[in-house]
Amino acid sequence: MSAAAGTTNQAPETGTAAPAAAKQRWSGLRRVVAQPKGLVGLTLVVLYLLLAIFGPLLAPHDPFRQDFAATLKAPSAAHWFGTDQLGRDVFSRVLIGARATLGVGVGGVTFAFLFGVPLGVLAAWRRGWIDALVMRVIDVMLSFPDIVFALAIVAVLGASTQNVIIAVGVVSVPIFARTARAVTLSILAEPYIEGSASLGASPKRIILRHVLPNISGTLLTLSTLLFASTLLSASGLGFLGLGTQPPNPEWGTMLGESRSYIRSNPYLATFPGLFLAGSALAFNLLGDALRTIYDPASRHAVRKRPWLGALRRKARPASRDAKPEATTGPAPAVSVRDLRLAFRAGSGLLEVVRAVDLDIQPGRTLAVVGESGSGKTTLLRAIATLANPEQVAVTGGTILIGGESAIDLTPSAMMDLRRRKIGVVFQDAASALNPVLTIGAQIAEAVRIGTDLDAAAVRQRCAELLSDVGISDPERRLAMYPHQFSGGMKQRIVIAIALAQDPQLLLADEPTSALDVTIQQQILALLGDIQRKRGMAVLIVTHDLNLVARFADDVAVMYAGAIVEHGAVAQVLDSPRHPYTQALRAAIPGGAGRRGKPLDAIGGEPPMVGMLPAGCAFRPRCQRTHGRPECGRAEPPAEMVAGRKVACFFAQEGLS
Amino acid sequence: MFITRRLAMAVPTLLVVSVLVFFFMDMIPGDPAQMLAGPSATNEEIDVIRDALGLNQPLLTRYGLFIKGLWDPSVATSFLTHRPVALELAERLPNTLIVAIGGLVLGLILGVISGVVCALRQGGVAEAGITVLTLTGISMPIYWLGLLCIWLFAVHLRWLPAAGASTPAHFVLPILVIATRPTAMFSRLITANLLETMGKDYLDTARAKGLSETRVIVFHALRNSLVAAVSVAGVQFGGMLGGSVITETVFGIPGVGRLLVEAVTRSDYPVIQYTILMFAIFFVLINLATDLLTQWLDPRTREARTT
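These protein sequences, in sequence, are chains A and B.
Heads up: the first sequence begins at 31 in our numbering, then just goes up one per residue.
Heads up: the second sequence begins at -13 in our numbering, then just goes up one per residue.
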């Protein structure tokens, strides 16, 4: 069930992977209409095009007939948009003007497309001197402000509708050429193109079959957006009196004429401008909608909800009746009781962390292990108070850090808690450091907050932190930027930042999975060393059992958001009691320092969040259940078995 | 080192630009000397003018003269006013620059604020409002918006003067109007950029330090968007200098753009040539400055880059 759901819910995210088919074009249209701005834009564009085609037929008056008895009249029943300085009907002139105005836009974009695209494709295809020449020409053409360039062309050719089309077209040629060149280059670099070429496909065939269909989306987007700006520049020339010549109506020209009467008759400027702005808006809306579909870079602009597509079913309502157990002895560095976390999805809450209990005493290390999607990272982020409240809801339970609650805090209390007690080390050190700030600035920021050290003392402390994490020559390195360090060094810097405020709890989210094996060892040794010196509690999230064996004191195995086995590392890993832990353990060749891939060896797939099977979540993949009804009836509670907590009805089985 | 290479790259571009602008003169249908002399001039008069303009000299010499006109005002004079083109330009340039720089700065401020609001309040009323406004902003013909503003603020409310450039108040409307496009551009850019940045781990690193959300956004997220904003600012500034041909017509500002439009309508070729050349030089310099600033702001590209 879960496996099937996993495949059906995967939306195809192929941007340039396959050549476009006719079917895909219709799906493009459907995706445009699915967006509100796409629907509005497309409707308006169609209306405007209809206006350009049928406008002259609809005009109630002769747009050229002058009537000096009725000049500069306000809108009335006879003249809906009023009359102009020569007594002509403005409504009729606007309708007729649509053809000239939009025609200039269409003509200009077509001109630019026909010259620019072949030029760009040619440059990308032939490379060498042709490419160099085209790029230089583009450089030169882009050295003129576009409207000034168009103005210069009109100055040479004379003012007329046709010359305006040429002028605004020429101005857009370099934009088309540059874009076509860039996208063609990226398509040509795709492995499947190289594949076709090596199979002996002719250049013409590659261009026609592979390149053009794949760049068409980008070019369509660009054409639409350029249409809007071309329309505005062309009408701008008209406004300056250099476009369509009177008495022919064009919206820009009409605006230019209305300028002299803005004091006495503002209506004259209102309507042509409204139509002009509306048409530019229509094309911009449509272009924007197209861009979200065809431009991979702008996909970021669309709100990302990665799990939305994959997760559908509503989570079961979670109770909020947390009962913290009375604890005795020293307060643990972190204490989590019955914690429930849920993703906020469109359809409701999807529970990802289900009734998790854990404690870490100062100086101890707890490793949380589990497959991707088991909820371990969400758990860590919630403890770090870094879970985004817009995405993750705490639906029950408590988190105490050094005895203080980490849930439902005011912003200032949360900042205070983060500053005093928590340090976080992320999986990917490269993205955990701000690329545009020196590492000195980034460490100093952590050192400075909440203290009143002077600049020299802050610098001194930063240097100490760097040497604590084993970075030599710290004074000089403080002035360097993240990209100047290797991956292992970056992770050391991230650790230095985490340590800057002497945290009681260090949270590490797969701190070594992005590093190569030797560096992993160094980073782990460093973390262990620092922990011993400072007596911090460490919570480390990982899927690497070898790491757990060497580094952690305790281990909690997570499956589908719940802890299924939790105890001392020696006990849990040497003689696992939960069938999932056993499967994980069996998937790794003991002691052979390579990272195993437990997923491959465990049958079935991890369940989708919010689509858990009834009863024990592991039941569909379990080797031990043998279809016994208990497993399907209820979720097994965690009980003490052989010195650790196990959530399995049959944990005693096979116990010697 | 990068600076020198980048400067060296700009020189050939400028050279080609100057050649292109120069040849506009030759491409123009008709004889400039005849146009200058007027319809009633005799052939001798035209020859004298032709000689004075250097039109009888070989092509290369004329190009040399054209280039010489860049620093020697006596070579290049307006057909219309017979004053040095350099003087005409110098008188009008401040007006153009005030409007363009004012519009850019205002657009940058408003755009960044609305972009941040839009990114932080996703899905809310503010986001919807700002999205509609920015799309309208980039679709708005500024000559129409200008006319509407003149009607509202100058004619109807009588708060501001309608046309001219004699007092600071004259610049308020043009700057407000010209700022719409950069505001919309910056707003969209900052929103897209921030949304992309918001998911980055380094913001969580900053939050984990106990920094306030404001500081996280301003110092870490926005700092990264700045690089992109600077390159857009360069393009927008160039666009606004070019757009001055329209703005200055709408608001009747005696600036370089207005000068160019008048020169085009009256076929004052030396003015057209040198004005366009000046715009092109400005454009190349702005691109150069933008490139250098982007380089400097982004440490990743600060070292040897190979383009």
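To be clear, the hints were calculated from the coordinates, so they are not data collected in a lab.
Bear in mind that the values here come from a model prediction, so they are computed numbers and not experimental data.
Glycine included, each C-beta is placed from N, C-alpha and C at the ideal position.
Keep in mind that the hints are not guaranteed to be accurate.
Listed next, the in silico SDA-like pairs over lysine to any residue satisfying Cα-Cα at most 25 Å (straight line) [stated by the list, open to error]:
| no. | chain 1 | residue 1 | chain 2 | residue 2 |
| --- | --- | --- | --- | --- |
| 1 | A | K67 | B | L119 |
| 2 | A | K103 | B | E182 |
| 3 | A | K67 | B | A112 |
| 4 | A | K103 | B | A178 |
| 5 | B | K54 | A | V186 |
| 6 | B | K54 | A | I549 |
| 7 | A | K67 | B | F139 |
| 8 | B | K186 | A | P148 |
| 9 | A | K103 | B | L131 |
| 10 | B | K186 | A | R293 |
| 11 | B | K186 | A | M444 |
| 12 | B | K186 | A | A460 |
| 13 | A | K67 | B | L131 |
| 14 | B | K186 | A | T440 |
| 15 | B | K54 | A | R478 |
| 16 | A | K67 | B | K186 |
| 17 | B | K186 | A | V466 |
| 18 | A | K67 | B | A140 |
| 19 | B | K54 | B | Q43 |
| 20 | B | K186 | A | D458 |
| 21 | A | K103 | A | R293 |
| 22 | B | K186 | A | R507 |
| 23 | B | K186 | A | D389 |
| 24 | B | K186 | A | S365 |
| 25 | B | K54 | A | R321 |
| 26 | B | K186 | A | K103 |
| 27 | B | K186 | A | V186 |
| 28 | B | K186 | A | H513 |
| 29 | A | K103 | B | A23 |
| 30 | A | K234 | A | R293 |
| 31 | B | K54 | A | S461 |
| 32 | A | K67 | B | V102 |
| 33 | A | K67 | B | E182 |
| 34 | B | K186 | A | P465 |
| 35 | A | K67 | B | Q43 |
| 36 | B | K54 | A | R293 |
| 37 | B | K54 | A | R507 |
Here chain A is said to cover these stretches of chain B; the calculated rule only asks that three of the stretch's residues, wherever they fall, bring their Cβ under 8 Å from a Cβ of chain A [what the hints assert, rightly or not]:
| no. | stretch |
| --- | --- |
| 38 | 93 to 99 |
| 39 | 263 to 277 |
Okay, the hints, checked on the actual structure:
1. A:K67 with B:L119: Distance ~13 Å between K67 (chain A) and L119 (chain B) Cα, so the pair holds.
2. A:K103 with B:E182: Between K103 (chain A) and E182 (chain B) the Cα gap is close to 52 Å, so the pair fails against 25 Å, i.e. violated.
3. A:K67 with B:A112: Since the Cα atoms of K67 (chain A) and A112 (chain B) sit roughly 17 Å apart, the hinted pair holds (cutoff 25 Å).
4. A:K103 with B:A178: Given pair K103 (chain A), A178 (chain B) is violated - Cα atoms ~46 Å apart, limit 25 Å.
5. B:K54 with A:V186: holds, 23 Å
6. B:K54 with A:I549: It is violated: about 65 Å lies between the C-alpha atoms, which goes past 25 Å.
7. A:K67 with B:F139: Measuring from Cα to Cα gives roughly 32 Å; hence the hint is violated.
8. B:K186 with A:P148: violated, 39 Å
9. A:K103 with B:L131: holds, 22 Å
10. B:K186 with A:R293: violated, 54 Å
11. B:K186 with A:M444: holds, 20 Å
12. B:K186 with A:A460: With Cα atoms ~10 Å apart, K186 (chain B) and A460 (chain A) stay inside 25 Å; holds.
13. A:K67 with B:L131: Holds, because 23 Å separates the two Cα atoms, which is no more than 25 Å.
14. B:K186 with A:T440: Given pair K186 (chain B), T440 (chain A) holds - Cα atoms ~23 Å apart, limit 25 Å.
15. B:K54 with A:R478: violated, 59 Å
16. A:K67 with B:K186: With a Cα-Cα distance of about 28 Å, the restraint between K67 (chain A) and K186 (chain B) is violated, given a limit of 25 Å.
17. B:K186 with A:V466: The given pair, whose Cα atoms are some 13 Å apart, holds under the 25 Å limit.
18. A:K67 with B:A140: Roughly 35 Å between the alpha carbons, so the hint for K67 (chain A) and A140 (chain B) is violated.
19. B:K54 with B:Q43: holds, 15 Å
20. B:K186 with A:D458: holds, 10 Å
21. A:K103 with A:R293: Roughly 13 Å separates the two Cα atoms, so the pair holds.
22. B:K186 with A:R507: holds, 24 Å
23. B:K186 with A:D389: Measuring from Cα to Cα gives roughly 29 Å; hence the hint is violated.
24. B:K186 with A:S365: violated, 28 Å
25. B:K54 with A:R321: Roughly 48 Å separates the two Cα atoms, so the pair is violated.
26. B:K186 with A:K103: violated, 60 Å
27. B:K186 with A:V186: Since the Cα atoms of K186 (chain B) and V186 (chain A) sit roughly 52 Å apart, the hinted pair is violated (cutoff 25 Å).
28. B:K186 with A:H513: Roughly 16 Å between the alpha carbons, so the hint for K186 (chain B) and H513 (chain A) holds.
29. A:K103 with B:A23: Given pair K103 (chain A), A23 (chain B) is violated - Cα atoms ~44 Å apart, limit 25 Å.
30. A:K234 with A:R293: violated, 61 Å
31. B:K54 with A:S461: Given pair K54 (chain B), S461 (chain A) is violated - Cα atoms ~54 Å apart, limit 25 Å.
32. A:K67 with B:V102: holds, 21 Å
33. A:K67 with B:E182: holds, 21 Å
34. B:K186 with A:P465: With a Cα-Cα distance of about 11 Å, the restraint between K186 (chain B) and P465 (chain A) holds, given a limit of 25 Å.
35. A:K67 with B:Q43: violated, 60 Å
36. B:K54 with A:R293: Violated. K54 (chain B) to R293 (chain A) sits at ~46 Å, over the 25 Å cutoff.
37. B:K54 with A:R507: violated, 52 Å
38. 93 to 99: n = 0 at 8 Å, threshold three: violated.
39. 263 to 277: holds (count 5)
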